[in-house]
Amino acid sequence: MKGKRSTFLITCLCFGFAFLYIPIFLLILYSFNYSKLLPVWGGFSTRWYVTVFQSEDVWDATLLSLKIALMNATVATLLGTMAGLMLVRFARFRGKTLFTGMISAPLVMPEVITGLSLLLLFITLQQITGWPGNRGVTTITIAHITFSMAYVAIIIQSRLINSDLSLEEAALDLGAKPFRVLFDITLPLLAPGMVAGWLLAFTLSLDDLVIASFVSGPGSTTLPMLIYSRVRLGLKPDINALATILIVTVAIGVLLAGWILLRQHQRKLKAEQLASQ
Amino acid sequence: MSAENQLTDFTDRPWLDPDARPFITLQGISKSFGSFKAVDNIDLDIYRGELFVLLGGSGCGKTTLLRMLAGFETPTAGTLSIDGADMSSTAPYERPVNMMFQSYALFPHMTVEKNVAYGLKRDGVKKAEIKQRVDEMLQMVELQDFRKRKPDQLSGGQRQRVALARALIKRPKVLLLDEPLGALDKRLREQTQFELMNLQDKLGTTFIVVTHDQEEAMTLATRIAVMDQGVFRQVGTPAEIYETPATRFIAGFIGSANMFDGSVEQQRGNLVSVRLNTGDLVISVEHDEPIANGTAVTVAVRPEKIRVSKQQPEPGTDNVMRGSVKEMAYLGRNSTLRVAIEGGQVLEVNSQNRYRARDGQHEFDWDDQVTVSFPPASAVLLTA
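Here the protein sequences come in this chain order: Y and L. 1 is the number of the first residue of the first sequence in our numbering; add one for each residue after it. 1001 is the number of the first residue of the second sequence in our numbering; add one for each residue after it.
Be aware that one or more of the hints could be misleading.
Okay, the calculated beta carbon distance ranges per label pair [unchecked claim]:
| # | chain 1 | residue 1 | chain 2 | residue 2 | range |
| --- | --- | --- | --- | --- | --- |
| 1 | Y | 161 | L | 1252 | 50 to 58 Å |
| 2 | Y | 82 | L | 1243 | 55 to 63 Å |
| 3 | L | 1190 | Y | 251 | 55 to 63 Å |
| 4 | Y | 188 | L | 1136 | 23 to 31 Å |
| 5 | Y | 265 | L | 1367 | 33 to 41 Å |
| 6 | L | 1252 | Y | 183 | 13 to 21 Å |
| 7 | L | 1336 | Y | 161 | 54 to 62 Å |
| 8 | L | 1191 | Y | 161 | 31 to 39 Å |
| 9 | L | 1059 | Y | 161 | 45 to 53 Å |
| 10 | Y | 180 | L | 1136 | 56 to 64 Å |
Selected chain Y positions facing chain L (Cβ under 8 Å, derived; list incomplete) [to be verified]:
| # | residue |
| --- | --- |
| 11 | 101 |
| 12 | 158 |
| 13 | 166 |
| 14 | 269 |
Hints listed in this document are in silico derivations from the structure and should not be mistaken for laboratory results. For every residue, glycine included, the Cβ atom is placed at its ideal position computed from N, Cα and C.
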């Protein structure tokens, strides 16, 4: 195999990448299309970007989505960490296996069902207690928390299972009460997992269309909902521009995360070198 | 040391003193996990300033016992007291005990300095005093120059010393050490063994060490408890356990021993004649207690207590056996021989290499005809 690479493998690779990236590439290309008609190339232009930035709808939807994502990520990280901690660190209790299984149910539940059931819950609640008066930011946030919390719990759970229990025991042994141990040892060591969970919850929320559509009300349109409703009225190039902005933002985020991880890895290597001297 | 002195001077051997008050007392301590009995009804007294070693293979219950002393496990039955205070249901953070973990359990997000200071900080000691005590402690373990490093920037030996410093800074009444030298390489381990002993001597803290390494136990311990299947098989000084093992298990577990199975033929004074089950051999062993004729016994002899020679032994030598060398391992300082004697049993014998071996010529070699012998005082008679 050395030297001469298999043509078959290279072909597979090319097809794979083409399949993944040609649609995205086309989308970016057409966002710079001057023509108003989608399939007709009318020359290079940035006019659709100007349109997007001038559109109040887009700004409102983006801000709403960010607001919901921020609240969702923060609350879901808190709740998910608590659930993960309890699932791993607590002694066996009745129904622990059932609970462990149930926490991951939202991951496999079809979104339509999650959305529908939450909508029913909110309607019932409204009839009984009068709350929530009208559906909007609050209901979308609550709905997002219910499913993204499960993801956080699972990330925390896997980090805890792999962590060294004797660290917490050592702190207890040195005179720290259990609550103190949580803040001095457990949580600082969980921090990377919590950050990962927060980021995941954030993107899950930014991404979601189905559940948000079920539980939103008039006047609360998230960014995915806006894009979807505009496309339904006919493809317009300004949506391409909006999508390209989103792609670039995500790409920068991914590159940044990769760079931070690389730096951490290099620092760790350096530390090991220092230790062996 | 004179015989009279041995009877009255208990400073180094408080367990022999009938008036000494034990520092740590375990009474009927048991711990079960489901139907598995990890520790089974153990009684033990440990005295102030001892370096007590719990020795046993994996799964023998030694770590569980240590964890009960630290407070991480609650005994299923029995009571445990330290310095007169009952500790059976005291939380780990309230015990006058600190532990050095096998994995060291250094907090990875804290510097060496912060790791060592943690215990004092939790006790609410004043900042200036913390600083001074941490300085002293780091000086003692010779890590002053590493105070700002994180644990992953330290070598194995340095981490071990940080763990030790962290466990000692609160000046615990008892220090528990779980396989303290397990993660170090051989040379460092030997060096650290002596450092640990010096430290214990200087501080006078009671140390309880768990290990599976019998050599480590022999070097460190004032007393050893050999553990197996949740119970103590024998408790005694290293010399007692090595020279007068209580059972076949102990004799085989600590060091190596040649075991001869046979039955008592007669006892004359403190000399017992034992007829072996294999071969037509009678060996004589010193044994002080009376023993009935016909009792099934085992005679255990350590490899280094057997003399091996190519010459005929002088007349009157006890326990002479003829055999041939089946295997030989040259270890430099000495050689280990496996000698097949009449009757087919193979003995392990150590021979000091008193002469330089040149051109690959050793004193003993494969298939050499030899005689082995040992005096009656060198063998132990075991009935269990």
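Hint compliance check: list the failing hint numbers for this structure, sorted ascending.
1, 5, 6, 7, 9, 10, 11, 12 and 14
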